[in-house]
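Those protein sequences? They're chains Y and A, same order as listed. In this text, residue positions in the first sequence follow full-length UniProt numbering: the first is 1, and each later residue adds one. In this text, residue positions in the second sequence follow full-length UniProt numbering: the first is 1, and each later residue adds one.
Hints are supplied without guarantee of correctness; some may be wrong.
[Said to hold, decoys possible] Per label pair, the in silico range of CB-to-CB distance:
id : chain 1 : residue 1 : chain 2 : residue 2 : range
1  : A       : P156      : Y       : A20       : 34 to 44 Å
2  : A       : T186      : Y       : V78       : 30 to 40 Å
3  : A       : A85       : Y       : D60       : 31 to 41 Å
4  : Y       : P139      : A       : E16       : 46 to 56 Å
5  : A       : P156      : Y       : Q72       : 42 to 52 Å
6  : Y       : P139      : A       : W79       : 43 to 53 Å
7  : A       : S110      : Y       : R37       : 35 to 45 Å
8  : A       : G46       : Y       : A13       : 26 to 36 Å
9  : Y       : Q108      : A       : E16       : 39 to 49 Å
It should be emphasised that the hints constitute simulated quantities derived from the structure, not laboratory data. None of these values were measured; they are calculated from a predicted model. Where a beta carbon is used, it is the ideal one built from N, C-alpha and C, also for glycine.
2 protein chains.
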Amino acid sequence: MAGRTVRPERGSATRELILATAERLYAEHGVHAVSNRQISEAAGQGNSAAVGYHFGTKADLVRAIARKHADQMEELRVWMVADAAGSTDVRDWVACLVRPFIRHLAAQGSPTWYARFRAQVMADPALYEITIEEALPSPSLRLLVDGLNRCVSHLPPAVREARWAMARHVIVHMCVERERALADGTPTLQPSWDDLAAGLIDAIVGLWLAPVTHRS
Amino acid sequence: MAGRTVRPERGSATRELILATAERLYAEHGVHAVSNRQISEAAGQGNSAAVGYHFGTKADLVRAIARKHADQMEELRVWMVADAAGSTDVRDWVACLVRPFIRHLAAQGSPTWYARFRAQVMADPALYEITIEEALPSPSLRLLVDGLNRCVSHLPPAVREARWAMARHVIVHMCVERERALADGTPTLQPSWDDLAAGLIDAIVGLWLAPVTHRS
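With the hints as constraints, model all of the structure from the sequences given.
This is the structure we're talking about:
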């Protein structure tokens with residue numbers, strides 16, 4: 001019995017170690033530049049096939065990292081979205097988009113790797129698709145997307161789609177910039193993660209509310 | 001004499017080939033993942049030290065690529081900035097920021113690599129510094145930065161600095177998305193580069209004009 005309770009725990013600790021190592025290496029070098037073998041070795045696994053044994057393919061590993069963060073952010077988002085329910089103020093929904101991601105980063109102490117991991121994944125359409133699959137079952141994310149879309153239903157669908165992409169890029173890459181500065185010990189643009197969040201919310205509300213001057 | 005006129009041309013063609021090859025490899029794999037030797041080989045140079053011979057270090061090569069594009073964009077920007085001179089309308093200056101970059105991409109046909117090259121370089125503070133050094137002697141860029149800053153002089157300096165960074169990220173990464181879709185033959189968000197530019201100008205004007213609701 002003792003053996004049977006210890007083994008899953010050891011397996012779980014190994015899985016966590018592999019996830020953290022993969023996230024760091026992907027964040028630093030890009031997902032395609034890092035092999036499962038390199039991750040196994042950097043995670044101190046004697047067996048260089050450890051990643052394959054615990055997770056399967058690289059896509060499965062990316063999916064597991066994305067799932068772990070999505071679950072943690074869901075807990076932060078669900079309360080904000082409940083507060084915003086029924087709101088027709090873009091700002092309330094933009095806050096639900098920005099704050100859970102940034103609070104999740106802040107909660108991890110320093111250094112973090114998740115913003116850079118996400119930027120690397122967003123740069124690869126196939127991997128990005130996988131992380132969307134992991135995130136979309138989230139009930140709070142669905143409510144947030146619907147809530148924000150209702151506030152900007154006057155925008156042509158193509159403009160809406162483009163502005164979702166712009167908001168995503170600006171959030172992730174501003175967080176990447178701060179994450180990297182904190183990791184390198186160089187000056188950050190904002191004194192705190194909360195200040196970054198506040199600045200992003202102001203700017204992204206402006207981006208969403210901007211009039212459309214041109215039709216293609 | 002014939003030898004002396006031919007040689008510089010051959011050298012110049014080789015330099016151009018190396019620049020184009022390096023830009024493509026950097027765009028696809030990241031600047032740090034690609035060695036000078038790999039670039040020499042991919043450019044079909046028998047001598048694997050060709051990059052070192054023609055350019056020097058990796059930093060010198062990045063500088064040369066950045067310089068080439070900066071010179072070409074300068075030609076497009078100088079006229080727009082002259083038209084905007086004295087304007088106090090943020091939109092005029094945002095157009096000067098967005099259009100030369102996008103017209104430069106559009107002018108190169110498909111596929112382009114420069115947006116992805118720029119995104120890779122922006123992700124590395126030391127390399128980004130190099131490209132800024134190459135771009136800043138540009139008189140039109142200096143006029144543009146001053147012109148836009150005058151329009152938003154009511155913003156606290158830290159907010160202004162953050163919004164410059166946001167504008168940069170949103171322009172580059174929306175162009176990366178389109179560049180990659182065109183290269184892969186997958187659907188693009190906008191029908192043309194001009195449509196992307198128009199959508200970006202609207203959104204970035206909104207971003208700059210957004211009220212500041214929070215002071216740290």
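Evaluation of the provided hints:
Separation of P156(A) from A20(Y) is about 37 Å and conforms to the stated range, judged on CB atoms against 34 to 44 Å. Our hint of 30 to 40 Å for T186(A) and V78(Y) holds, since their Cβ atoms are close to 33 Å apart. For the pair A85(A) and D60(Y), the beta carbons lie near 56 Å from each other, so the given range of 31 to 41 Å is not met. Distance hint check for P139(Y) and E16(A): the Cβ-Cβ separation is about 54 Å, which falls inside the suggested range of 46 to 56 Å.
A beta carbon spacing of about 33 Å between P156(A) and Q72(Y) contradicts the range 42 to 52 Å that was offered as a hint. Range check, P139(Y) to W79(A): Cβ separation about 52 Å, and the 43 to 53 Å hint holds. The hinted range of 35 to 45 Å is satisfied by S110(A) and R37(Y), whose Cβ atoms lie roughly 36 Å apart. A beta carbon spacing of about 52 Å between G46(A) and A13(Y) contradicts the range 26 to 36 Å that was offered as a hint.
Distance hint check: the CB atoms of Q108(Y) and E16(A) are about 46 Å apart, consistent with the given range 39 to 49 Å.
Of the hints listed earlier, those the structure fails to meet are numbers 3, 5 and 8, in rising order.
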